[in-house]
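K.L.:
I would like the entire structure built from these sequences, with the hints used as guidance.
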Amino acid sequence: MSRRVTYFNSSFASFDPDALEFITNWEANTSAVMQETQRLAVIDWYRGMKGEGTPNGSNLLTIAKTNGARIFILIPIDDITSNASAYELDAVSNGVIKGSYNNFTSGDFTALGVVGGPTKSFDSGVASNSYSADNFGYAFYSRTNSRANTHADAGSGSDGFVQTRTASNTFNGRVNNSVDIGLISNMDSRGLFQLQRGLFVGDKVKNGVVLVSDIRPGSTNTKIYTFHNYLTLYSPRQLCFYAVGLQYMSTNELTDFYTINQRLQSTVITGGRQIGTAIAPI
Amino acid sequence: MEEQVIYITNKITSFKSQWNVICTPIPYDNGYIIPLGWESELQAREIEFTYVDYIPPQLEELL
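Residue numbers (the working numbering), protein chains in the order written: chain E, 1224 to 1505; chain U, 519 to 581.
Derived by calculation from the structure, the hints in this document are not laboratory data.
Glycine included, each C-beta is placed from N, C-alpha and C at the ideal position.
Be aware that one or more of the hints could be misleading.
Derived contacts from chain E toward chain U, CB cut-off under 8 Å, selection only [stated by the list, open to error]:
{"hint": "1", "residue": "1306"}
{"hint": "2", "residue": "1342"}
{"hint": "3", "residue": "1423"}
P.N.:
Here is the structure:
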């Protein structure tokens, strides 16, 4: 009887059709069978994006699909290893759309994420001007600090870049406007970083909390589409999550988005790869 | 902060490595650069290369 209950619970969790499609596409792309730990994390992520087990129940997946966002959740092969094939799939399209890694070596990919460096970049495949100028956001999860002023983690074009650096302890960045959204000093450069622009508002966000805002309008160009770099600036940090084309999120949605993705990082490998406090799955 | 990278004099066509990553040499100092670790892939295609110290630009130069 106990075996039957376990089987039922497992099957129930796997009924999420979006998670199932993503897992199927991931397995086809990697020629590997997704392990149970990773499988459960994927299912939990999709359920969370649909509002399950989050503080405010936001249905972020529906909004992401409507906005044409691409979210790369970087599901590894197992608790130790990974590769480009495992990490290049967009979760909003359930793994149908792929980004592409440029100039990385195989040693850059582990279950913890992807380590960047000179000339290395991840292209989300998004073309410039794909999104609304005043309803747009992007995010990445950094696991490491760096020690130089010239490291940038996301961007392309002068209207979008993010620097999170530790030599001078600053978080610098802009989104859809040629002016930076305030400079933040004295901070740790690890965690979920997010920048977003709404109608006459831009926010610089870390771990779901707005740190500073401006009241500028969005320009006509949205140019964020690569990670690990900004033009010819490259970051050596280890990143384990990228997102582009997110909608402008409310305070509640930012909280839910952080909860879901901190939960993903906490569960995607045994022991977690998150920075800070782990969040248990649903 | 300098970092050593592979330097290729002649422009090459992008290709995909055995580990499913695209080789995209970046223009630099009258040639092209890619990171260390691509040597075997270049040798397999008989592409000549050497090494240089890469000095990244300052952010202010790009804005």
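K.L.:
Hint by hint, where does the structure go against what was stated? Just the numbers, ascending.
P.N.:
The structure conflicts with hint 3 only, although it agrees with all the remaining ones.
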